[in-house]
Amino acid sequence: MIEVQNLTKRYGTFTAVNDVSFRAEKGEILGFLGPNGAGKTTTMRVLTGYMPPTGGTAVVAGYDVLDHPIEAKRRTGYLPETPPLYPDMTIADYLTFCSKIKGVPRSERASRVATVMERTRIADMSRRYCGKLSKGYRQRVGLAQALLHNPEVLILDEPTAGLDPKQIIETRQLIKELGGDHTVILSTHILPEVSQTCHRVVIINKGHVVAVDSPDNLTARLGRSASIYLQVDTMGADAGATLASVAGVSTVTATDGDGPVRAFEVHAEAGQDVRRALAAAVVNKGWGLLELRATRVSLEDVFLHLTMEDPTHQPPAEHVAAASPEVSHG
Amino acid sequence: MGNIVTIAQKELRSYFASPAAYVLIGFFAIIYGYFFGTFLYVFNQQSQQFAAVGAGQVPINVNQSLIQPLFMNVSVILLLALPLITMRTYAEEKRSGTMELLLTAPLTDIQIVVGKFLGAMGLIAVMLLVTVPHIGMLFWLGDPEWKPIATTYLGFFLMSGCFVAVGLFISSLTSNQVIAGFVTFAVFLMLWIISWPGSFMGPNGQALFEYLSLPGHFEDFARGVIDTKHLVYFLSVIAFGLFLTVRSVDSERWRG
Numbered sequence: 001m002i003e004v005q006n007l008t009k010r011y012g013t014f015t016a017v018n019d020v021s022f023r024a025e026k027g028e029i030l031g032f033l034g035p036n037g038a039g040k041t042t043t044m045r046v047l048t049g050y051m052p053p054t055g056g057t058a059v060v061a062g063y064d065v066l067d068h069p070i071e072a073k074r075r076t077g078y079l080p081e082t083p084p085l086y087p088d089m090t091i092a093d094y095l096t097f098c099s100k101i102k103g104v105p106r107s108e109r110a111s112r113v114a115t116v117m118e119r120t121r122i123a124d125m126s127r128r129y130c131g132k133l134s135k136g137y138r139q140r141v142g143l144a145q146a147l148l149h150n151p152e153v154l155i156l157d158e159p160t161a162g163l164d165p166k167q168i169i170e171t172r173q174l175i176k177e178l179g180g181d182h183t184v185i186l187s188t189h190i191l192p193e194v195s196q197t198c199h200r201v202v203i204i205n206k207g208h209v210v211a212v213d214s215p216d217n218l219t220a221r222l223g224r225s226a227s228i229y230l231q232v233d234t235m236g237a238d239a240g241a242t243l244a245s246v247a248g249v250s251t252v253t254a255t256d257g258d259g260p261v262r263a264f265e266v267h268a269e270a271g272q273d274v275r276r277a278l279a280a281a282v283v284n285k286g287w288g289l290l291e292l293r294a295t296r297v298s299l300e301d302v303f304l305h306l307t308m309e310d311p312t313h314q315p316p317a318e319h320v321a322a323a324s325p326e327v328s329h330g
Numbered sequence: 331m332g333n334i335v336t337i338a339q340k341e342l343r344s345y346f347a348s349p350a351a352y353v354l355i356g357f358f359a360i361i362y363g364y365f366f367g368t369f370l371y372v373f374n375q376q377s378q379q380f381a382a383v384g385a386g387q388v389p390i391n392v393n394q395s396l397i398q399p400l401f402m403n404v405s406v407i408l409l410l411a412l413p414l415i416t417m418r419t420y421a422e423e424k425r426s427g428t429m430e431l432l433l434t435a436p437l438t439d440i441q442i443v444v445g446k447f448l449g450a451m452g453l454i455a456v457m458l459l460v461t462v463p464h465i466g467m468l469f470w471l472g473d474p475e476w477k478p479i480a481t482t483y484l485g486f487f488l489m490s491g492c493f494v495a496v497g498l499f500i501s502s503l504t505s506n507q508v509i510a511g512f513v514t515f516a517v518f519l520m521l522w523i524i525s526w527p528g529s530f531m532g533p534n535g536q537a538l539f540e541y542l543s544l545p546g547h548f549e550d551f552a553r554g555v556i557d558t559k560h561l562v563y564f565l566s567v568i569a570f571g572l573f574l575t576v577r578s579v580d581s582e583r584w585r586g
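Residue numbers (the numbering used here), protein chains in the order written: chain A, 1 to 330; chain B, 331 to 586.
Accuracy of the hints is not assured; some may be wrong.
Stated by the list, open to error - Capping the alpha-carbon separation at 25 Å, the derived lysine to any residue pairs in SDA-like fashion look like this: (1) A:Lys206 x A:Leu66; (2) A:Lys132 x B:Ser426; (3) A:Lys132 x B:Gln507; (4) A:Lys135 x B:Lys424; (5) A:Lys100 x B:Ala338.
The set of hints was computed from the structure by calculation and includes no laboratory data.
Keep in mind the model is a prediction, meaning the values are calculated, not measured.
Take these sequences, add in the hints, and give me the full structure.
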């Protein structure tokens, strides 16, 4: 449905997107994750035909965005970072105008406008002027505009930015519903959003693709090297050496506490679950085991881990390969 | 074609959605009314003198002595008013981000540019409607010829088209309305006064500069003459301005 190959975009000497390749299948929700300035918006602008790529190709709904821009645009709905509203139009007028320029047939315009207003919950505001709307409503009108011509591909640049928590949940729900019929690409720098709504994630940093995988696989990749947090009442003894001698433990770091109660961060060797052995070791010594828990690895850690690495040291292809499910399970 | 009309309607509506169009037309009406009153008074004086002196002089008529100088002067208002109309066309869309909506919709650049051009021309047409009652009054009081009046309106409209096309191009170059407005005004003024150096420029220079000068081409229309030379000049300036606008929008995409 969407196929991006070796996409590169330069602004003068600055390379915003460098040799990015990924694809999204029909009905898939693909998350585009990266820090600010990673190249998310630029990639999306190329996909929507707003700007041409410097190199590489982007095919949307079967049409190359450079060779057949009108056909590709007919099948793409786009919500830019700032919703493109005309302040002096009412919501209803604005959506009618958009339906005309997006080629919605005259007979279907009124019903399409009504449908998208219903879906984005703005129907009661249809007579309001776009210039007087709150950020949350502006965002929803922008989304309504993207849905108007019932496009095969939806490209949403930070669809939940500026919304309140209730609206965020509603919008995510709407995006999930859209997933089945439409191919959705959404960009965000909010991690929970990706794990909650997306089937697959493209992590992008400094213009390079760092990883492409499902949110679960990405979490699992770092999960095996997860650490265990221990709080022990050692009654003055040195517990560090004892913990380190437990089979399967690779490193022990004392994190805090200088009285009898000490806290440790224990790293296990790959694939080992050392929690039982640790508990037994502590109890055998007669110490008090106050707390023992596996530190949760969030997508956040994966993200930080991947984006902290300097991608220029390795060609991006290797990053993608390293992130593929086969390798991570092997 | 449908897309062009949609864009033109949207443009025209946006002029009338803000006070801008009403203020512009209102003050145009005041200035035009003042011109009309003054020229009518002068014309009245002249015709009384003519009646007193009697035969032997060139007879004066309403077309030549009233309508033609009136519109030559009214065209100066264009010089000041049109930059204010065109400066926002692209600059505003770029600033508010709606350019992204237009450029990602299934529209061609030409449709957008021509739509915007026609929208601005629509506003000018409404502005020109203000002048119709006064001219109509002359038909009631006197006996002017309608054909030179028709060519005057045609020439006036074509000259406005040139201004709008050039103004669109300048607006497409910047997202700053003040820059767009002032540069447009400066370019218009240059096109207005470019023939002033006259014979200083040598015979070839003089011919060239006079050809480039906008009011020189309008003069014949105001006299009731439709000369293909002037028609070609106006239409090619319009086409060239629109072409440059399309290229400028396209080149901005590439530069990002």
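| task | Report the numbers of all earlier hints that the structure fails to satisfy, in ascending order. | result | none
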